[in-house]
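K.L.:
Chain residues, written in single-letter form:
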Amino acid sequence: MEAFVFFVFAVVALAGALGVVLVRNPVHAALSLVATLISVAVFFLLLEAQLLAGVQVIVYASAIVVLFLFVIMLLGVDESISLDDPRPYQRPLALGFGFLLLAEVLFLTGQTWVTGLPSLGSGLGPEAGGNVETVARSIFGDYLWPFEITAILLVIAVVGAVVLARQTFAGSPVVDEKQPEESPGGST
Amino acid sequence: MTITPDYYLVLAAMIFTIGAIGFLVRRSVLIMFMCVELMLNAATLSLVAYAQALDNISGQTIVFFVLVVAAAEVAVGLAIIVAIFRRKRGATADDIDLLKG
Numbered sequence: 393m394e395a396f397v398f399f400v401f402a403v404v405a406l407a408g409a410l411g412v413v414l415v416r417n418p419v420h421a422a423l424s425l426v427a428t429l430i431s432v433a434v435f436f437l438l439l440e441a442q443l444l445a446g447v448q449v450i451v452y453a454s455a456i457v458v459l460f461l462f463v464i465m466l467l468g469v470d471e472s473i474s475l476d477d478p479r480p481y482q483r484p485l486a487l488g489f490g491f492l493l494l495a496e497v498l499f500l501t502g503q504t505w506v507t508g509l510p511s512l513g514s515g516l517g518p519e520a521g522g523n524v525e526t527v528a529r530s531i532f533g534d535y536l537w538p539f540e541i542t543a544i545l546l547v548i549a550v551v552g553a554v555v556l557a558r559q560t561f562a563g564s565p566v567v568d569e570k571q572p573e574e575s576p577g578g579s580t
Numbered sequence: 797m798t799i800t801p802d803y804y805l806v807l808a809a810m811i812f813t814i815g816a817i818g819f820l821v822r823r824s825v826l827i828m829f830m831c832v833e834l835m836l837n838a839a840t841l842s843l844v845a846y847a848q849a850l851d852n853i854s855g856q857t858i859v860f861f862v863l864v865v866a867a868a869e870v871a872v873g874l875a876i877i878v879a880i881f882r883r884k885r886g887a888t889a890d891d892i893d894l895l896k897g
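Protein sequences, first through last, are from chains A and B. Just so you know, we're using the numbering used here here: the first sequence kicks off at 393 and counts up by one. Just so you know, we're using the numbering used here here: the second sequence kicks off at 797 and counts up by one.
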């Protein structure tokens with residue numbers, strides 16, 4: 393049963409990932425991304441990380457993708473951008489380096505000397521007290537200081553996003569919200 | 797058959813590679829950004845697989861932090877994209893060459 397679920401969602405995850413890369417329309421790419429993200433949440437469930445599966449669905453598949461879709465909506469879908477590359481050598485080069493990367497990562501996962509830890513394949517004993525409690529003890533115990541730093545990081549990110557989205561560049565007029573978005577010369 | 801963590805690692809490597817190739821190949825800034833999300837997800841998947849294989853909860857904790865960083869990154873990155881598109885409508889990654897001189 394676990395193998396069946398794994399392979400089904402592995403196919404979905406890979407198809408979604410390929411969809412992000414190959415699809416022309418950004419909205420469809422975002423929806424393909426959702427397929428991959430939900431599949432990863434299922435993998436988290438299979439790996440007994442129930443808390444992370446929930447967080448993955450709530451934060452990634454909902455919040456982040458909705459943010460993407462909002463920006464796509466704000467900017468408009470531009471179908472005129474061709475998928476062809478002006479530099480002919482870039483695409484084969486990228487594919488070559490990509491497969492080199494894949495071979496490298498697959499080679500490294502089979503090695504013991506990288507981390508000094510034993511190679512994979514061993515089972516996992518049952519967790520005491522459930523996944524949520526275990527992760528919570530880890531976050532609020534060993535990782536309390538990084539956790540506090542993430543709070544600062546989020547505040548900085550929010551402030552930075554607001555400042556960036558409202559920024560007026562030197563010599564450029566403020567984009568008036570009442571102005572229609574299509575007005576020419578509004579951003580020169 | 798039983799699914800060992802090796803399967804997850806191979807799958808994560810494949811998703812990461814697709815994301816990396818997409819980041820290099822696509823020219824739309826938004827799609828490139830989604831490819832970064834793909835790579836982040838592949839990394840988190842391998843972290844959780846290692847957490848289970850090594851029976852160490854720290855892997856899952858770090859994934860939690862990765863999620864926070866990803867959320868912050870998306871907020872700032874999309875704000876940058878919106879700011880770029882205000883200046884140049886329909887810009888691709890090739891059009892953003894202010895530092896080229």
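Because the hints were derived from the structure by calculation, they are not lab data. Be aware that one or more of the hints could be misleading.
[What the hints assert, rightly or not] Which residues of chain B face chain A? A partial, calculated answer using Cβ under 7 Å:
1. Gly818
2. Val878
3. Ala887
4. Ala889
All C-beta atoms, glycine included, are put in the ideal place defined by N, C-alpha and C.
K.L.:
Each of the hints needs a verdict: does it hold here or not?
P.N.:
Hints versus structure:
no.: 1; hint: Gly818; result: 3 Å, holds
no.: 2; hint: Val878; result: 5 Å, holds
no.: 3; hint: Ala887; result: 9 Å, violated
no.: 4; hint: Ala889; result: 10 Å, violated
Of the numbered hints stated above, those contradicted by the structure are hints 3 and 4, listed in ascending order.
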